[in-house]
Amino acid sequence: QKEVEQNSGPLSVPEGAIASLNCTYSDRGSQSFFWYRQYSGKSPELIMSIYSNGDKEDGRFTAQLNKASQYVSLLIRDSQPSDSATYLCAVRGRGSARQLTFGSGTQLTVLP
Amino acid sequence: NAGVTQTPKFRILKIGQSMTLQCAQDMNHNYMYWYRQDPGMGLKLIYYSVGAGITDKGEVPNGYNVSRSTTEDFPLRLELAAPSQTSVYFCASSYGLIQETQYFGPGTRLLVL
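Heads up: the protein sequence lines correspond to chains Y and F, in order. Quick note on numbering: the first sequence equals residues 1 to 112 in this note's numbering. Quick note on numbering: the second sequence equals residues 113 to 225 in this note's numbering.
Take the hints with a grain of salt, since some may be wrong.
Subject to a maximum C-alpha distance of 25 Å in a straight line, what follows is the list of computed DSS-like cross-link-like pairs (lysine-lysine) [claimed, not checked]: (1) 156/F <-> 67/Y; (2) 42/Y <-> 121/F; (3) 121/F <-> 67/Y; (4) 156/F <-> 126/F; (5) 169/F <-> 121/F; (6) 169/F <-> 156/F.
Chain F side only, calculated, beta carbon under 10 Å to chain Y, not exhaustive [unchecked claim]: (7) 153; (8) 157; (9) 176; (10) 211; (11) 214.
So these bits of chain Y aren't anywhere near chain F, every CB distance computed over 12 Å [to be verified]: (12) 13; (13) 26; (14) 41; (15) 53; (16) 54; (17) 59; (18) 60; (19) 62; (20) 68; (21) 70; (22) 77; (23) 84; (24) 107.
Source of the hints: derived by calculation from the structure; they are not laboratory data. Built from N, CA and C at the ideal position, the CB exists for glycine as well.
Please model the complete structure; the sequences and the hints are all you need to start from.
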């Protein structure tokens with residue numbers, strides 16, 4: 001059974017702090033990993049993708065991947081109230097459908 | 113480009129009614145997907161298509177049907193609406209590359225009473 005698990009929320013951090021979001025996956029053959037942000041009532045939007053072990057930085061966002069531990073995380077530095085949203089972890093396996101398996105999401109609130 | 117479009121935005125159905133959720137993309141993507149998202153949950157795959165004329169079931173296909181007669185359009189059909197189908201439905205598309213994300217439409221909110 002392919003599963004993607006995210007740390008349960010909700011998560012609250014003060015403005016300017018670092019928010020840490022975690023995700024584990026069960027399929028060792030997974031090849032691509034994505035973090036989506038979803039505002040209430042809106043569709044998911046991609047904020048980070050990572051494919052190789054290690055860190056990938058993009059502005060205030062850093063994605064970390066450890067395939068041996070089947071673990072992917074997202075760090076948001078200098079958190080802003082506008083970062084308040086639900087963050088979805090998505091994993092792509094080896095199937096020909098190129099389908100994504102999503103976690104249930106972590107709701108983040110950044111307090112002013 | 114309009115990207116991925118979905119209609120309607122919101123619909124109320126009575127139990128047993130039928131309807132079609134429309135999805136279209138203008139990016140010439142081969143792969144298209146239908147997801148549903150229940151409150152507080154992630155997205156679950158209903159059906160997908162890897163090209164015109166080719167469709168297959170996802171994780172939660174019961175109660176739904178799809179067709180793909182053109183590259184651009186991928187409608188989702190609900191034949192006999194049930195309260196369990198109350199959800200938000202998202203359509204997505206991609207070229208199908210391993211390292212490529214999927215592009216999502218704005219969603220259709222469906223309420224079955």
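Hint-by-hint comparison with the structure:
Taking the CA atoms of residue 156/F and residue 67/Y, the gap is near 23 Å; set against the 25 Å cutoff, the hint holds. Taken as a hint, the residue 42/Y and residue 121/F pair is honoured in the structure, with Cα atoms around 11 Å apart against an allowance of 25 Å. Between residue 121/F and residue 67/Y the alpha-carbon distance is near 39 Å, which puts this suggested pair outside the 25 Å criterion. Our distance criterion of 25 Å between C-alpha atoms is met by residue 156/F and residue 126/F, whose separation comes to about 23 Å.
Between residue 169/F and residue 121/F the CA atoms are separated by roughly 24 Å; this keeps the pair inside 25 Å, and the hint holds. Proximity of residue 169/F to residue 156/F is assessed by CA-CA distance (about 12 Å); at most 25 Å being required, the pair is judged to hold. This hint holds: residue 153/F has a C-beta 5 Å from the nearest C-beta of chain Y, less than the 10 Å allowed. Against a cut-off of 10 Å between C-beta atoms, the interface hint on residue 157/F holds, since the closest Cβ of chain Y lies about 6 Å away.
Nearest Cβ of chain Y to the Cβ of residue 176/F: about 16 Å, over the 10 Å cut. The hint is violated. Taken as an interface hint, residue 211/F checks out: its beta carbon lies about 5 Å from the nearest beta carbon of chain Y, inside 10 Å. At about 6 Å, the closest approach between the beta carbon of residue 214/F and any beta carbon in chain Y falls short of 10 Å, and the interface hint on this residue holds. No Cβ of chain F comes within 12 Å of the Cβ of residue 13/Y; the nearest lies about 20 Å off, and the non-interface call holds.
In this structure residue 26/Y is separated from chain F by more than 12 Å, as the shortest Cβ-Cβ distance comes to about 14 Å. The Cβ of residue 41/Y does not lie farther than 12 Å from every Cβ of chain F; its closest approach is about 8 Å, which violates its non-interface assignment. Residue placement check: residue 53/Y keeps its beta carbon more than 12 Å from all beta carbons of chain F (closest about 15 Å). The non-interface label for residue 54/Y is consistent with chain F: the shortest C-beta to C-beta separation is roughly 15 Å, beyond 12 Å.
For residue 59/Y, the requirement that its beta carbon stay farther than 12 Å from each beta carbon of chain F is met, with the minimum near 17 Å. Remark: the non-interface label on residue 60/Y is consistent with the geometry, its nearest Cβ contact in chain F lying 19 Å away (cut-off 12 Å). Every C-beta of chain F lies more than 12 Å from that of residue 62/Y, the closest at about 18 Å, which supports listing it as non-interface. Non-interface call for residue 68/Y relative to chain F: holds, since the shortest CB-CB distance, roughly 20 Å, exceeds 12 Å.
With a least CB separation of 17 Å from chain F, residue 70/Y remains clear of the 12 Å interface cut-off, as annotated. Remark: the non-interface label on residue 77/Y is consistent with the geometry, its nearest Cβ contact in chain F lying 22 Å away (cut-off 12 Å). Against chain F, the non-interface label of residue 84/Y holds: every CB pair exceeds 12 Å, the least being about 16 Å. Remark: the non-interface label on residue 107/Y conflicts with the geometry, its nearest Cβ contact in chain F lying 8 Å away (cut-off 12 Å).
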